[in-house]
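Chains as they are written, first to last, in our numbering: chain A, 1 to 75; chain Y, 1 to 360.
Wrong hints could be hidden among the right ones.
To be verified - Interface residues of chain A toward chain Y, partial, derived using beta-carbon atoms under 8 Å: (1) His45; (2) Gly47; (3) Thr51.
If you're looking for bench data, these hints aren't it; they were derived computationally from the structure.
Note that CB positions come from ideal geometry on N, CA and C, so glycine has one too.
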Amino acid sequence: MCLAIPGVVKEIRGNIAVVDYGGVVKEADISLLSDVRVGDYVIVHVGYAITKLTESEAKESIATWKEALERLAGF
Amino acid sequence: MLAFKDFRSRKLAKRCIEAIEKLSAGESYTFMHVCGTHEQTITRHGLRSLLPENIRLIAGPGCPVCVTPASDVDAAVALAGDGKVVLTYGDALRVPGSELSLAQVKARGGDVRVVYSIREAIKLAKAEPEKEFVFFSIGLDTTAPSIAAEVARGLPANLSILNALRLTVPVMELLLGMGDLHFEGYLAPGHVSAIIGARAYEVIPRAYGMPVVISGFEPLDVLLSIAMLIKQVKEGEARVENEYTRAVSYEGNVIAQELVSRVFEVSTVHWRGIGRVPFSGLKLREEYAEWDARLKYDLREDRGIDIRPGCSCHLVITGKLSPQECRMFRSACTPAKPYGPCMVSQEGTCNVAYRYSQEV
Ligand code: SF4
Chain A
1 MCLAIPGVVK
11 EIRGNIAVVD
21 YGGVVKEADI
31 SLLSDVRVGD
41 YVIVHVGYAI
51 TKLTESEAKE
61 SIATWKEALE
71 RLAGF
Chain Y
1 MLAFKDFRSR
11 KLAKRCIEAI
21 EKLSAGESYT
31 FMHVCGTHEQ
41 TITRHGLRSL
51 LPENIRLIAG
61 PGCPVCVTPA
71 SDVDAAVALA
81 GDGKVVLTYG
91 DALRVPGSEL
101 SLAQVKARGG
111 DVRVVYSIRE
121 AIKLAKAEPE
131 KEFVFFSIGL
141 DTTAPSIAAE
151 VARGLPANLS
161 ILNALRLTVP
171 VMELLLGMGD
181 LHFEGYLAPG
191 HVSAIIGARA
201 YEVIPRAYGM
211 PVVISGFEPL
221 DVLLSIAMLI
231 KQVKEGEARV
241 ENEYTRAVSY
251 EGNVIAQELV
261 SRVFEVSTVH
271 WRGIGRVPFS
281 GLKLREEYAE
291 WDARLKYDLR
301 EDRGIDIRPG
311 CSCHLVITGK
321 LSPQECRMFR
331 SACTPAKPYG
341 PCMVSQEGTC
351 NVAYRYSQEV
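Construct all of the structure, not just a fragment, from the sequences and the given hints.
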């Protein structure tokens, strides 16, 4: 039940967002987050979006990841 | 789509494992995680066998279903037997109580239904106002905000909460105080952290000198976090580091935190297989007492049978034993017929070990 997977917000109606998880579409409550917009990536847990991640952040974090590895072990 | 597959890149994983080998050479390290989803990542991708032998990963109490005491299940079973409609997450259905599970009481005619979220519970209760509904609310810091949000908005009069919510940091502290567990660092759960923030773990390095790295759930996240932990230990440091910056901030989700403290107060509760853990549970505040099933139905705290003879769940939950070392594993205890709580949920350490052990 703790599985929380990222999906993209397709539509917003009040405090409910329609979230697409790579083809599977479900509603999620977004009242735990401020300022959710269509196109945002959110992590949803038991029907509630708990945190937001943007595409650029996620992509960047791959670069960040490589950097971190270099910093840690000189690889 | 996000480039999540990049987090699974074999090339990067190999580089990371080489980095870990180099960093850890000549020493042995044991790290504990406290998250069922981490256990799935580690087991599904065979990380324990990919890592060098001097690195050990152990699983702590990270599965909310596994740590829910039998007495709570007994209360839910009694309510279902007494004509109430009991609603809960799918994972909680087969967790054994002292005698029966909710699945068993359902098979005997009890009205027990699986819901995905408390929103669904509210819909069901509104649709049948003549019936009494009880939501058996199991979960950790991640789940609490959803319950708090709905309680703050006001629940239907015919719906109440049988609350079994638990907090992660206090149990992480308790394990360190036990003194018979030896490990060098904590891998902290990413989605719990999305709510409570990196800040919430600061007590662990400060009071116990134990490094903490908050980790995401892709294999690369876990590997990088391990490298970060080794680095801290080697340098004689203990602090909270955040590997999962794409989802976790220092403050965490402040809206969620405020809702949780508005609706709940912290209480001392019993964890299955562990015992009473100070300040590790949530209790509805007095203003919301009308939705507290324990008060509404005058439920008494009975001692339940948490661990049945032969089950080693209490040792598995505290990282002292691997599921394979339990004599019941695979023989008397399987996901289809779970004997102990750690075999029930998809996040239970025994369940994960059963499902993925052939593939590793
Ligand atoms: S395998 Fe079953 S009986 Fe053994 S510890 Fe795990 S849950 Fe308990």
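TODO: Sort out which numbered hints this structure fails and list those numbers smallest first.
DONE: Every hint satisfied by this model.
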